[in-house]
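Starting from the structure of chain G, add chain W where the hints point.
Number of protein chains: 2
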Amino acid sequence: MNTQHESQPTRHPLHPSPGTPTAFERFPVCVLGLGLIGGSLLRDLADDGWPAFGWNRSAKTVDQATEDGYDVSGDLTATLQRAEREDALVVLGVPAPALPEILDAVGQHAPSVGLTDVTSVKGEVQALVEDRGMADRFVGGHPMAGTAHSGWRATLNGLFDGAVWVVAYDRAVAENEPPRAWFTTFERVVRMAEATGAITIPSRSGAHDRAVARISHLPHVFAETLAMVGDQGGPLSLALAAGSFRDTTRVAGTAPSLVRAMCEGNRDALIECFDEALEILNQAREELEHKDLSALTEAGYAARKRYEATTKHGDATDPRPVIRVSPGAKGWVDQLLSAESIGARIEIF
Amino acid sequence: MNTQHESQPTRHPLHPSPGTPTAFERFPVCVLGLGLIGGSLLRDLADDGWPAFGWNRSAKTVDQATEDGYDVSGDLTATLQRAEREDALVVLGVPAPALPEILDAVGQHAPSVGLTDVTSVKGEVQALVEDRGMADRFVGGHPMAGTAHSGWRATLNGLFDGAVWVVAYDRAVAENEPPRAWFTTFERVVRMAEATGAITIPSRSGAHDRAVARISHLPHVFAETLAMVGDQGGPLSLALAAGSFRDTTRVAGTAPSLVRAMCEGNRDALIECFDEALEILNQAREELEHKDLSALTEAGYAARKRYEATTKHGDATDPRPVIRVSPGAKGWVDQLLSAESIGARIEIF
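If you read the protein sequences in the order shown, they are chains G and W.
The UniProt record's numbering puts the first residue of the first sequence at 1, with every later residue one more than the last.
The UniProt record's numbering puts the first residue of the second sequence at 1, with every later residue one more than the last.
None of these hints come from the bench; they were simulated from the model.
Careful: at least some of the hints might be erroneous.
Once the Cα atoms are required to be at most 20 Å apart in a straight line, the calculated EDC-like pairs of lysine to aspartate or glutamate come out as [as the list claims (entries may be wrong)]: (1) LYS330(W) / GLU187(W); (2) LYS291(W) / GLU124(G); (3) LYS330(W) / GLU175(W); (4) LYS60(G) / ASP75(G); (5) LYS330(W) / GLU124(W); (6) LYS330(G) / GLU187(G); (7) LYS305(W) / GLU264(W); (8) LYS305(G) / ASP247(W); (9) LYS291(G) / GLU272(W); (10) LYS291(G) / GLU279(G); (11) LYS305(G) / ASP247(G); (12) LYS291(W) / ASP268(G); (13) LYS330(W) / GLU347(W); (14) LYS330(G) / GLU347(G); (15) LYS291(W) / GLU264(G); (16) LYS291(G) / GLU264(W); (17) LYS291(G) / ASP268(W); (18) LYS60(G) / ASP48(G); (19) LYS330(G) / GLU175(G); (20) LYS291(W) / GLU272(G); (21) LYS291(W) / ASP275(G); (22) LYS291(G) / ASP275(W); (23) LYS60(W) / ASP48(W); (24) LYS291(W) / GLU279(W); (25) LYS291(G) / GLU124(W); (26) LYS330(G) / GLU177(G); (27) LYS305(W) / ASP247(G).
For reference, chain G alone in the conformation it holds in the complex:
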C-alpha cells in the first residue's frame, strides 16, 4: 500500500503491485460527475500524471475544480466528444437517478469509448447499459469508500487507498465471447483502481448486490431503527448512551437521500436478507422470553470473529488472497468466479 502518502500530500503515487509493470501507460480518463467519489478519483489520477479530465453539471463545481487546477468543463457534449477523440475511459460518477440521461448522451457523442461507473448498486446500472446495447463496452465498478460529506469541497486524495473496489465482469459470463474492446476496458478499470491504492475484487452484479445488501444496506436500516428506539426513550436514554449506541447508530447520520438511493435501488436483495434478519430477531425475541440468549450470542460472536479474521489489523499488508489474471486468456473466467467466491483480490499480468 501507499506508505509515501503522508510525505507527498499533493501527489498520490501509483501503487504498483508485485507483478505489475511499474510504468504501464497512463491512459486518458474522463470523469463525469465530480462529487466525492468522482472528484476524488480525478484528483488522484491527475495528481499522479494521468491525462484525466472531467465534467460536472453545476458551474460552481466546475469553477472550484478549475481553481484547484483540474481540467474540468461544464459542457457535456464537448467533454464526451473529447473522450471519444482521445479514446478515454469514461467514468460515470453521477448519482444513480442521472444515469439514464448521461448514458443516452454517451451513446450520442461518444459511441465507442469504454465505460465504467461508481454507483453502489450494480444490477440497475447493468440493466440500463444492456437496454442501450452498451454492454460490450461496459465494466461496472463500486469503490467502497466515502465520508460523511459530499460535493467537490469534500474531495480528497487517497480516499480509495486500501478500500475495496469491486469490478463487475457480467459481460464475461454472457453466452457469447465479449469483443476485444471489452477486455481492454476491463483491464483499464482494474489498472485505474489499482492506481488509487484500492483493492480490486471481481464480482458479478447480482452477487455484489446481494453482498452489499448484507454488509451495508441492512446495517443502515438497523442503525436507523436503533436510533429511533433510543430516542424514544427520551433524555435519560440519550444521556446514558455510550459506545454501543454511538457505534451501532453512526450510519443513521448519513443523508436520508443517500440511504434511500442505496436501499431502494437494491430492493430485492435487501428484502431477502431483511427477512433472514427478521427471522433471527423473532427467534431471539422468543429465546429472551425464556431467558436464554445463548444461541444468538454464540452465533453472533462467532460471526463477528470470522469477519475480524478477514480484515486488516493495522499492518501494511492486506491478508486477502491474490489471484493473477490475464483478461481473455484461457480459464480466466473461472479465475474470476473463484476470486468472487472467496473474496480474493485480483491483479492483472
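Just chain W now, kept in the frame of chain G:
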C-alpha cells in the same frame, strides 16, 4: 474534567467540581471483586490516597493486585469484618450471579456498612437487597465504562473518566423516609464516582433499566443479528464489508456470557423496546416493497442528530445540565426526579 491525566500516569487526581470542597474526607472503600470495573476503581482510589482495600475470590488475582501494590485479600470474612470495623463503603464488584451469596456474607459479617454495586441491570440487585432487608443502606450504581478485556490484568487508571455513573436512588422515593445512614451512603457513592472523573446521573432502577435496554442491550442484539446475516453471505460479503458493517457489529465481539447476563437480566425492559424495534422494522420492510424508505430514513436521521446534540464534541466541558443537591434537604427528591427526567448530572453541596 481531568486535564492533568496524561502527565500524571500513575496517580489519578481528584476531580473537584466547582461547588465541591476540594479536601472532602477520603473515606474507606472496600471493593469486593477485582475484575475490570472493581479493580480499576480500586486503582483510581488507592492511587489517589483513599484508604481503599479489596477482596477477590481467585488467589491469582489477589497475588497480581498485591504485587501491583494494592491492599487486597482472598479472605471474604476478614475483609468484611474489616469493612465493618472501619466503616467502609462496600462496593459489590462481583458478577451478577455471585451477588446473592456475597450479600448474605455482608449481612453476616458487615451488618451496618453502606453498600453500592456496579452491575449493569439495577432492578434485580435492588430486589435482592430488599429481600434481605438491606435497602436502608444500599444505593445502586452503574458506571457505564468498559473495554473488550476483563480481569485484573485489564484494569487501568482513568477508566471512568468522563463516563456516566448512574446512581440509583430508589430508597429515597419509598413511602417512609430513609434513615440518616442511607443519605450518607448516597453522598459517599456520588463522591466516590466524582473522584474517578465520572459524570453522576441519578435514576431509579426501573428507569435506568428501561433506558439501557434501548441504548445498550438492544444494540447488542442487533449487532449479533447483523454479524450473522453478513457472515451468511459468505466470503464475498465479509470481503466487501467496510465501515458500516464494522461499526454496527463491533459489540457482537463482546463475550457471549456478558451479553447474556445484561440482556437476560433485563428481560422485561428489553422485550418492551425489542417489540418497538420489530414494529419499526416490519413497517420499513413494508415501505421497502413500495421502494419508499422516506419515513424510516428521515426519522432515523433526526433521532441520530438529537443524540449527537447531547454528546460531547471533543471539547473538555460536558454539555449536560448540572443540578446541585443536598441529600435529605427539602425538595431534594424532586430535584433527583427532575435530573432523571432530563438526564442531568448532579453535584452534592
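Each hint tested on the structure:
| no. | hint | in the structure |
| --- | --- | --- |
| 1 | LYS330(W) / GLU187(W) | 16 Å, holds |
| 2 | LYS291(W) / GLU124(G) | 14 Å, holds |
| 3 | LYS330(W) / GLU175(W) | 16 Å, holds |
| 4 | LYS60(G) / ASP75(G) | 13 Å, holds |
| 5 | LYS330(W) / GLU124(W) | 30 Å, violated |
| 6 | LYS330(G) / GLU187(G) | 16 Å, holds |
| 7 | LYS305(W) / GLU264(W) | 30 Å, violated |
| 8 | LYS305(G) / ASP247(W) | 14 Å, holds |
| 9 | LYS291(G) / GLU272(W) | 14 Å, holds |
| 10 | LYS291(G) / GLU279(G) | 18 Å, holds |
| 11 | LYS305(G) / ASP247(G) | 17 Å, holds |
| 12 | LYS291(W) / ASP268(G) | 10 Å, holds |
| 13 | LYS330(W) / GLU347(W) | 16 Å, holds |
| 14 | LYS330(G) / GLU347(G) | 16 Å, holds |
| 15 | LYS291(W) / GLU264(G) | 5 Å, holds |
| 16 | LYS291(G) / GLU264(W) | 5 Å, holds |
| 17 | LYS291(G) / ASP268(W) | 10 Å, holds |
| 18 | LYS60(G) / ASP48(G) | 25 Å, violated |
| 19 | LYS330(G) / GLU175(G) | 16 Å, holds |
| 20 | LYS291(W) / GLU272(G) | 14 Å, holds |
| 21 | LYS291(W) / ASP275(G) | 16 Å, holds |
| 22 | LYS291(G) / ASP275(W) | 16 Å, holds |
| 23 | LYS60(W) / ASP48(W) | 25 Å, violated |
| 24 | LYS291(W) / GLU279(W) | 18 Å, holds |
| 25 | LYS291(G) / GLU124(W) | 14 Å, holds |
| 26 | LYS330(G) / GLU177(G) | 12 Å, holds |
| 27 | LYS305(W) / ASP247(G) | 14 Å, holds |
Going through the hint list in order, the structure does not satisfy hints 5, 7, 18 and 23.
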